[in-house]
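K.L.:
With the working numbering as the guide, the letters of the sequence shown map in order to residues 103 to 437.
Hints should not be assumed to be uniformly reliable.
If you anchor each label on the Cβ, the simulated ranges turn out as follows [what the hints assert, rightly or not]: (1) D397 to G421: 22 to 28 Å; (2) L195 to G305: 24 to 30 Å; (3) D345 to F414: 34 to 40 Å; (4) Q436 to I409: 36 to 42 Å; (5) A347 to A304: 55 to 61 Å; (6) N341 to V385: 47 to 53 Å; (7) A387 to R432: 16 to 22 Å; (8) V437 to L263: 40 to 46 Å; (9) P342 to L391: 32 to 38 Å; (10) G153 to H244: 41 to 47 Å; (11) D411 to R192: 30 to 36 Å.
Quick caveat, the hints were computed from the structure, so don't treat them as lab data. On a predicted model such as this, the values are computed, not experimentally measured, just so you know. The beta-carbon is built from N, C-alpha and C at its ideal position, and this holds for glycine as well.
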Amino acid sequence: MKILVTGAAGFIGFFTARRLLDLGHEVVGLDNLNDYYDPALKRARLAQIEGRNGFHFIRADLADRPAIEALFQAERPQRVVHLAAQAGVRHSLTNPHAYIASNVTGFLHILEGCRAIGAEHLVFASSSSVYGANTEMPFSVHQSADHPLSLYGATKKSNELMAHSYAHLYRLPVTGLRFFTVYGPWGRPDMALFTFTRKIFAGEPIDIYNHGRHARDFTYIDDIVEGVVRIVERIPAANPAWDGAAPDPGSSSAPYRLYNIGNHNAVELMDFVAALERATGRVAAKNFLPMQPGDVPATYADVGDLIRDAGFAPNTPLGDGIERFVAWYRDYYQV
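Working from the sequences, and respecting the hints, build out all of it.
P.N.:
So this is what it looks like as structure tokens:
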């Protein structure tokens, strides 16, 4: 198939595009290569797949309506994997307009593009951030998730609602994937694993928020990609048992589904740091700080629906994933 992958120079987008190429699909990669973090890292990822048979890259911004309209009309992808977004909870506190432009207006342009060409399936990245103030663990797609604690989480919840309206109005099959704390080689420099590793090798203290009392469902990149690829193949249908008198948030009378993709294991932050210290062979100096605005104390994914429908659950042990990241980091930065 011809598949459009947005955010193809990003962390998850790069790995997804590469995997789809390995499976023999034609991939159109879209990215704006912005400077939210080092564009050189984005270009280095892209260099791993540029020139491969079946891949071509288009540089454009999601918020550029004419550019996205032209892309859909020229390329007419059968399926779309929408991974591009303005990411980061803390950045949304100081740059809120960037999140609306990319994650809301940009997502509308993707929905409109899919509607205009009659795309077979839109798979889009949501986030565990939508669970926000929820405290019932593990987080399930069948729970209400109406109290996000950051604008980033609110934009991802908005994506789910917008997608549902298009599934209902135009019968556009859409699937939202709530990712849980993705990590691994080629990761984002603004995320904890990358930041901690850089500071440990530089001999600088690492900032540990909420005094180390966080817990996260860390999910290795290969597991995320496996889930994405399996779901791309699975076009959702209406749930015949869906009842508007007791609505299930995870499905619909429209062709719409939500899935968690997480390691279904909440790891204490200090255990995560200990695994990183073992992988680097160094002890980190630690700067304990209060909880940051917009953060949540814990995440933990219920992946029962993913197992049932895709026959898969993430299973990479945290220690193995961190060791692979550190090996990549040493090689890439010549540490």
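K.L.:
Next step is simple, just say for each hint if it's right about the structure.
P.N.:
Evaluated hints:
Range check, D397 to G421: Cβ separation about 24 Å, and the 22 to 28 Å hint holds. The given range of 24 to 30 Å is respected by L195 and G305, whose C-beta atoms sit roughly 29 Å from each other. The supplied range of 34 to 40 Å is broken by D345 and F414, whose beta-carbon atoms lie about 28 Å from each other. Between Q436 and I409 the beta carbon distance is about 41 Å. The supplied range of 36 to 42 Å therefore holds.
Our hint of 55 to 61 Å for A347 and A304 holds, since their Cβ atoms are close to 58 Å apart. Range check, N341 to V385: about 51 Å between beta-carbon atoms, so the 47 to 53 Å window is met. The hint said 16 to 22 Å for the Cβ distance between A387 and R432, and at roughly 20 Å that hint holds. Take V437 and L263: their Cβ atoms lie about 44 Å apart, and the range 40 to 46 Å holds.
In this structure the supplied range 32 to 38 Å is violated for P342 paired with L391, their Cβ-Cβ distance being about 50 Å. Between G153 and H244 the beta carbon distance is about 44 Å. The supplied range of 41 to 47 Å therefore holds. As the Cβ distance of D411 to R192 is approximately 33 Å, the hint placing it in 30 to 36 Å holds.
Taken one by one, the earlier hints fail for this structure at numbers 3 and 9, listed in ascending order.
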